[in-house]
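*Asks:* Here's the letter readout for the chains.
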Amino acid sequence: MKLKTSKFGAFYLSLFFVVLYLPVLSVILYSFNASPSTAQWTGFTLDWYRELFRDRVIVESFKVSIEVALLTALLSAIMGTASAVISMWVTDGMKKAIQGMMVLPLLVPEIALGIALLIFFNSINLPFGHLTLVLSHSLFCVPYVYIMVQLRLKEIDRSILESARDLGATTWQVIETVILPLVTPSIITASLLALAMSLDDVIISTYMSGAKTTTLPVHIFSMMRVGVTPKVNALCTLILVGTFFIVGLSQLTKKQNKEAV
Amino acid sequence: MQTLKRNILAVPIVVWIGLLVGVPLLFVFVLSFLSRDSLGNIVVQFTLENYQRVFDPIYLRVFLNSLLLALLTGILTLVVGYPVAYITSNLEPKKRALSIGLIMLPFWISSLLRTYGWMILLGNAGIINNVLRALGVIDAPLSMMYKFSTTLIGTAYMLVPFMIVAIFNSVDKLDRSLLEASYDLGANKRQTFFNITLPLTIPGIAGGFTLVFIPALGLFYVSDLLGGGNTIFLGNLINTQVTRGRNRPLAAAFSMAMIVVAILVISLYGRVAKDDREGLFQ
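Just so you know, the sequences run in chain order V and X. For the first sequence, the positions run 0 to 260 when numbering that gives the first Met the number 0 is used. For the second sequence, the positions run 0 to 281 when numbering that gives the first Met the number 0 is used.
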């Protein structure tokens with residue numbers, strides 16, 4: 000049975016999406032405004048974008064963000080996949096322990112986790128910078144990779160693994176030749192999500208940044224606190240374009256995988 | 000021996016996350032009972048003063064502000080999000096996929112950008128004021144920024160996709176034949192919704208509430224940018240104490256209080272959604 004969507008329903012849904020995207024579109028629109036104030040529209044310009052590339056702090060923090068995000072995505076892909084695959088063989092008790100560990104970082108309020116890591120790294124004298132950023136970001140990225148890979152593993156027909164074993168494959172051969180190829184698309188999608196989450200993080204990064212290694216969001220936040228300037232609009236718009244490029248890539252890998260099957 | 004061999008590879012993973020989450024949380028716990036000297040350096044001396052200060056009327060106010068914000072965010076996202084999830088699950092396949100895509104897309108959009116968008120819309124020289132003035136509805140700009148309600152709108156806006164996804168999963172799993180049976184027995188749409196659909200989607204609602212409530216306690220950048228510090232929330236307080244106030248033991252005590260609230264909410268969720276445990280992060 001299919002319930003018919005009423006006119007009111009369709010209207011409500013459309014209204015919701017307008018409100019959901021209006022703030023985003025406003026930011027993009029005003030990045031092209033010649034006037035530095037949102038009070039009036041004085042014409043189209045690309046000056047604010049040009050100004051971005053001249054700002055050394057922005058360029059530097061962008062570099063830090065990209066490096067951290069790439070390393071985080073890589074580390075999360077490895078750790079998350081390993082956790083999910085290993086979970087297939089361990090005892091039920093250990094499986095529960097892994098699951099618990101994976102959910103833990105997602106359940107602790109982010110700011111509390113940030114403070115906790117700050118205090119911890121401080122007391123073991125770990126210098127704040129790339130390493131602390133990657134370690135902390137991977138905490139909230141690994142669980143997503145784990146969850147996505149695990150969902151895919153559940154879909155795999157167990158009899159395929161058994162026949163591989165019957166044909167004499169070792170556990171490692173089963174993982175390498177059967178499991179990994181099947182979960183690769185999930186790993187890629189999850190890593191891209193990790194990349195985007197790392198690039199976007201404000202709260203934990205606030206506490207993990209070193210004196211010379213500020214991430215872009217932390218810098219943008221400090222710019223926003225001063226007030227509305229079109230330069231921030233331009234920067235946000237560029238980041239949006241970058242992220243959508245990543246989303247596009249992940250959709251593409253999904254599609255290709257479907258066609259391959 | 001066999002068990003040991005099976006489990007050995009999993010040990011590094013559990014230890015690794017345990018070391019990066021469990022041990023730091025233990026540090027916060029210990030720190031919350033320590034003192035500090037006048038320079039802000041931590042002194043190893045047991046005290047309950049930090050916890051006493053949590054119940055100091057000034058700080059208690061901050062705590063209640065945050066609880067109220069998180070609660071109202073939960074209610075607002077539920078009221079706004081439930082119909083979105085419900086309508087989407089009943090759409091025809093193509094429109095449904097589009098709707099799901101539009102609901103998920105904000106997860107990929109920078110949260111700072113989404114907060115900043117509200118600054119541009121609601122500011123005194125913002126878009127809404129400009130439009131209203133151009134239409135002659137108002138003469139002087141409406142003051143919409145830096146209020147409790149501004150922070151509430153921003154926080155709810157940030158978290159509403161979580162609520163929708165949680166409810167959607169629940170509504171979508173609903174056995175449609177139950178609804179059909181309800182109609183066959185003469186119930187109208189309204190009765191069917193309140194007697195069948197709503198009770199069966201309670202686990203989804205509880206899951207969404209949990210996913211919204213906990214982050215709402217600590218999104219300090221939203222209250223900083225949209226609330227302008229007029230109402231102080233837990234997140235802002237902890238952030239200020241760590242970055243500027245240099246009173247880390249107090250920040251640790253507040254973090255512990257926040258974690259306790261989070262644990263309470265999660266255990267409440269566990270009770271409501273007994274058989275739907277996996278649902279929270281799927």
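Read the hints as simulated data drawn from the structure, not as lab findings. Be a bit skeptical, because a hint or two may be false.
[As the list claims (entries may be wrong)] Pairs of lysine to aspartate or glutamate, EDC-like flavour, derived with a Cα cap of 16 Å: (1) V:Lys-6 to X:Glu-91; (2) V:Lys-211 to V:Asp-91; (3) V:Lys-230 to V:Asp-46; (4) X:Lys-4 to V:Asp-91; (5) V:Lys-230 to V:Asp-91; (6) X:Lys-146 to X:Asp-223.
*Asks:* For every hint, state whether the structure bears it out.
*Replies:* Checked hints:
{"no.": "1", "hint": "V:Lys-6 to X:Glu-91", "result": "holds, 14 Å"}
{"no.": "2", "hint": "V:Lys-211 to V:Asp-91", "result": "violated, 45 Å"}
{"no.": "3", "hint": "V:Lys-230 to V:Asp-46", "result": "holds, 9 Å"}
{"no.": "4", "hint": "X:Lys-4 to V:Asp-91", "result": "holds, 14 Å"}
{"no.": "5", "hint": "V:Lys-230 to V:Asp-91", "result": "violated, 53 Å"}
{"no.": "6", "hint": "X:Lys-146 to X:Asp-223", "result": "holds, 11 Å"}
Checked against the numbered hints given earlier, this structure breaks hints 2, 5; the rest are met.
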